[in-house]
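4 protein chains.
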Amino acid sequence: MPKQTLNIAMIGTGSIAKAHSNAFRQVTHFFNVPYDLTLKVICGRNQTKLESAAAQWEWHEIATDWQVVVSRPDIDVVDIAVPNALHAPIAIAAAQAGKIVFCEKPLATSLAEAEIMAQAMRKVPTLVWFNYRRIPAVVFAKRLITEGRIGQTYHYRALYLNQSGNDPSKATTWRYRRSEAGMGAAGDLLSHSIDAALYLNGPIAELMAIMHTFVPGRDVDDATLFLAHFANGSIGSFEATRYGVGCRNRKTFEINGSKGMLRFDMDEFNQLQFLDATDPPNLQAPRNLTVTGPDHPYSENFWKPGHIIGYEHTFIATLGDFLGALARKEPLPADLEAAVEVQKVLDAVERSAASRTWVKV
Amino acid sequence: MPKQTLNIAMIGTGSIAKAHSNAFRQVTHFFNVPYDLTLKVICGRNQTKLESAAAQWEWHEIATDWQVVVSRPDIDVVDIAVPNALHAPIAIAAAQAGKIVFCEKPLATSLAEAEIMAQAMRKVPTLVWFNYRRIPAVVFAKRLITEGRIGQTYHYRALYLNQSGNDPSKATTWRYRRSEAGMGAAGDLLSHSIDAALYLNGPIAELMAIMHTFVPGRDVDDATLFLAHFANGSIGSFEATRYGVGCRNRKTFEINGSKGMLRFDMDEFNQLQFLDATDPPNLQAPRNLTVTGPDHPYSENFWKPGHIIGYEHTFIATLGDFLGALARKEPLPADLEAAVEVQKVLDAVERSAASRTWVKV
Amino acid sequence: MPKQTLNIAMIGTGSIAKAHSNAFRQVTHFFNVPYDLTLKVICGRNQTKLESAAAQWEWHEIATDWQVVVSRPDIDVVDIAVPNALHAPIAIAAAQAGKIVFCEKPLATSLAEAEIMAQAMRKVPTLVWFNYRRIPAVVFAKRLITEGRIGQTYHYRALYLNQSGNDPSKATTWRYRRSEAGMGAAGDLLSHSIDAALYLNGPIAELMAIMHTFVPGRDVDDATLFLAHFANGSIGSFEATRYGVGCRNRKTFEINGSKGMLRFDMDEFNQLQFLDATDPPNLQAPRNLTVTGPDHPYSENFWKPGHIIGYEHTFIATLGDFLGALARKEPLPADLEAAVEVQKVLDAVERSAASRTWVKV
Amino acid sequence: MPKQTLNIAMIGTGSIAKAHSNAFRQVTHFFNVPYDLTLKVICGRNQTKLESAAAQWEWHEIATDWQVVVSRPDIDVVDIAVPNALHAPIAIAAAQAGKIVFCEKPLATSLAEAEIMAQAMRKVPTLVWFNYRRIPAVVFAKRLITEGRIGQTYHYRALYLNQSGNDPSKATTWRYRRSEAGMGAAGDLLSHSIDAALYLNGPIAELMAIMHTFVPGRDVDDATLFLAHFANGSIGSFEATRYGVGCRNRKTFEINGSKGMLRFDMDEFNQLQFLDATDPPNLQAPRNLTVTGPDHPYSENFWKPGHIIGYEHTFIATLGDFLGALARKEPLPADLEAAVEVQKVLDAVERSAASRTWVKV
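Protein chains in written order, with the working numbering: chain V, 191 to 551; chain B, 191 to 551; chain L, 191 to 551; chain H, 191 to 551.
Any given hint could be a false lead.
Same chains, same names: a pair is fine if it fits in one copy or spans any two.
Calculated cross-link-like contacts (lysine to aspartate or glutamate; reagent style EDC-like; alpha-carbon spacing at most 20 Å) [unchecked claim]:
| no. | residue 1 | residue 2 |
| --- | --- | --- |
| 1 | LYS449 | ASP469 |
| 2 | LYS519 | GLU458 |
| 3 | LYS360 | GLU490 |
| 4 | LYS360 | GLU458 |
| 5 | LYS193 | GLU520 |
| 6 | LYS534 | GLU248 |
| 7 | LYS193 | GLU251 |
What the hints contain is simulated information worked out from the structure, not anything from laboratory work.
Based on the sequences and whatever the hints tell you, model everything.
Structure, rendered in structure tokens:
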């Protein structure tokens, strides 16, 4: 199969840019896609970081002006891994230049902005990096739900806890400033939980939220919680916080249905708990599935059954799925519309927290 | 030390009456209290159950009219283990007759009723059986909090999940009827979580609740959830449900504070997870404490360190603490006022769910 | 059903005597057996301990000469809870006096002694307190094995770890002296693991052992390990140690069979892990069964499903099973012959360790 | 820093060759080493597999005759990932040709062979892929031991369980034939456990082993177990089996020392349990450390604290350590001598199992 070359331009040099770069380097080793990816140019404003990132990941060139980069005719893909407030101008410019656009989550700093972006981006293939949706355990949970293995859903509860905010002297990155991040824990963490919930349990009908800031003067939320009614009749409970002391990156969900239970805790990344309530009562128990195969999502792509994968593989799988669908001209799996739906829920969260009332999504 | 005999009358013959009976039989074996407890009379309406319970626990007599029983001059303690709606008349009559009154939780079917009961009961020594407050892990959590080991509290989250409601054909006991139970999951399960939260984290200032019934026609809540602001500035999240499929009796809490984390899951009854955020970062991790001694609550009372206790010991410890305080004429530890505070929160939960607004407790 | 009174004489006042006393007090509350147990007399040499134990458990009388006690005509049962070296004289005397004999494990300090005891004791009903065989999870494991749920056994591995020996200044009880205990970790801990192994996996054909003492001058084993071939073709690995720092009372077993796996860890007393290798490969995982019902061993006796039991219930169940079988004139379930088989394995362990060779059991 | 190019020749096309290829592609992204690695030529006998592996990992050339490959002047490194029996001829030829030699474990099919290989290989830089020694949790365990955090070691126990042998129809690869593998579970699995034990707990003085084959006619061991005395006075227990039904790739170790305990279970790849016995007794508990930083081994190389790594990273770290040491002209960390020591223990295991006696290593 002759391969098409895709020249990539990366905008950003931070830790997420590193995860994306790794995915560009690795995707063809694990996914059989008819593309050669060329790491053409990486673009940033801090010269030291830029040179370091370029050297580490073997980007061919460096650049400092994204506006020039996104309009270069030799670029096929623009990948955006910069603070949230910059997503919109770059994505819109890249889309208008006809590039394939990859954008880190959350899509935007507001629903209004997201909708403007979406209008521009709908003309090109797009990927939004909701990478945790590609954790094998999460995809396997989706499969079990789709097969009816947990029946009618009653409860969906999700946590996303880290402790980044607990040291006020350290919490000084752009993620803690409204002007750059739009939101705090809600955009950073909760958006992942919302994406997984919509994927696994369908639309949210209405919700009631708290957005709380523990440190006076900080203008983004440190913790956001909400209760929800899903369209399918189940009840949801969500919490995301940067004051989850004791947790470095703990993302969980639990689902109780009429026929079973699912539990995921990202501290046990490769595992999924599944209880089958149709088993004989004395054998009903959480099964601690290690989701590395056989017959588990992505187990054919990565290593042999029993061999553990991790954080970086979620980006590789996100990209692999995208490229596979692109090649087959299928609907793109990590698409813009899903990201807009997440933004609608985030918007409802903000409206509810501000008004202290229930709001429709 | 000469011992005083306390003649006990038990009103009720169900599974909770069994747990109380066991506590009456066992308390002097594990707690050094100057009382002999005589299981004088057990009272119920179903003759078969009554005779069976009396035989199993060696109650001296049986009776069918609680009004006669509570006024017998030879009775010192009236213990109430009947459906919630009967708590008030029996407790008030017993208190008016000058008896020591033990009452199963929740105290009442409404706050108004609880306050009337309390007025009568304040004249006598009282115990309300919030037994789970006496789990050694819970008491040890309280001790660590009091010692400042977790610092300022940021988050308190509590679940209480069982699956009793999931089989509609089975969920037909008095616990599923408003006329007898007052509330559903809220009174049965959530009351325990509220009691623990008030004990561990202090008063709740305001809250916002959902009370939901999955089965049409059922007139009590199947699931109740609420978000809260505690008086100490922390944020709370609570859920109690009878549709927690996969969980037979799963009661949990998690607390994140500025200096550490605590986690309890009643499926791991003898364990408490504690993370000390003042440890060197590379040694910070949840410690899986087995709270059976040495130097753990009640470890001197029960078995040697490493030897597991269970459900029944929470009732024994509740009673042992009460009798010890009674003998020493100290404030009674599982007292009426705490039960009234729980009722106030339950009342706020009902008001919030009905009005779909935030309410003050 | 008219009940027969059994008058009990307890020889011993230590922590095991406490566990036995509790069982005598509780058995009729949880097991429907046609006996009334009277705690008639407790016998010991230390007057303070004797009075304290008698008061705590409401023994009617105290005594200091066991030889007098075992021949009293009003005594039906003699229960032996004293250092191992005293088991033989008391058990033989009691049996010769026609008493029902209950004896703490291990039965004897040597196989020769055990066989002499057995000769005398075979004339009366006997119980040897291998209480851990009555943990619900262990009995349920037996049931799953018997039903063929794990197929042909390949591997059986067992640990019993405590840390009692690690503080040389503390390890000064009779359990650390050959003259009183006969063996160290082997008799104290390993005997339980052997009993469970014979119960679950059948006879051991031959073995190869290490008995090791870490502290110079101590004349019993601190740690005993052995490899074994079972008669059923499976391979066994056993370890018992008092230098298992970090473990207060950790008894485990794991079994791999052609159709599944079982794992038990006494730190998770109420749980049994079961993997069914006939499940579809992508659903094969350890199920973390909470063995408190429904349809689990002893779940009808104790509390409702989901309500945890502990250490003391193993003694109650041992006694309940014995009394039930006694009443029904069935073979006694915790019998002498099983204890003699354990002693044969312990004897082989000692011979192997001394000769540094494989020995037949 | 100018970089030196290393041209690599891979001999082998199986699943281990894939893991090595990935390491060659990734090492410079995570380790700052002054080398450019060129994936020059991959060599195998099965043309389909060869072309597929070359395409997947972008090897520049393919070849079918290793003897030609190892003597090519443009090759700097020969990497051996073929059945064990071929290690010796290839490694010796490559060393004699002056190449850097990388060899998959176990080094050889016998000690005699290993010693002949070592003689040839000592003249060139060498790496033996005992990759599991580079799991961050294992390296952190080593650090805690070196710092004296667990004190004097009493017990070391190790399991390595998979289930590959349980389906006789499937267990037909070269790993099940003595002529190609030399040993069965011992070489495949136990060698890893021995390597870790020597690394963490020092030399083994003497041992007593079982090598067992469950399937008649199979000429390698399905399961190998041994008991050991370490030179440091501690006692070891080892088991490796291909009949560990329920376990796909479960490698564990536990260490009890006078001051603490360590436990590792590869099913929880990113975690290490550590108990500090110098903590106050009521806070002593296994800490469930997630070994992804900060201040954990390799946490600077891979992702941010809390972000999980997996199987492939052990190969990358093995290679990264080697190249770093090579550049700095330091002793090579995964060296030949360690692999020879493993082979000596395996040889003692074989001698002991054959003679059914204790043997010195």
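Cross-check of the supplied hints:
1. LYS449 <-> ASP469: both (9 Å within a copy, 18 Å between copies)
2. LYS519 <-> GLU458: Neither: 35 Å inside a chain and 39 Å across chains, both beyond 20 Å.
3. LYS360 <-> GLU490: between (41 Å within a copy, 18 Å between copies)
4. LYS360 <-> GLU458: Intra 27 Å, inter 30 Å, cutoff 20 Å: neither.
5. LYS193 <-> GLU520: Only inside one copy: LYS193 and GLU520 sit 18 Å apart there, 43 Å across copies, limit 20 Å.
6. LYS534 <-> GLU248: neither (38 Å within a copy, 43 Å between copies)
7. LYS193 <-> GLU251: between (22 Å within a copy, 18 Å between copies)
Checked against the numbered hints above, the structure violates hints 2, 4 and 6; every other hint is satisfied.
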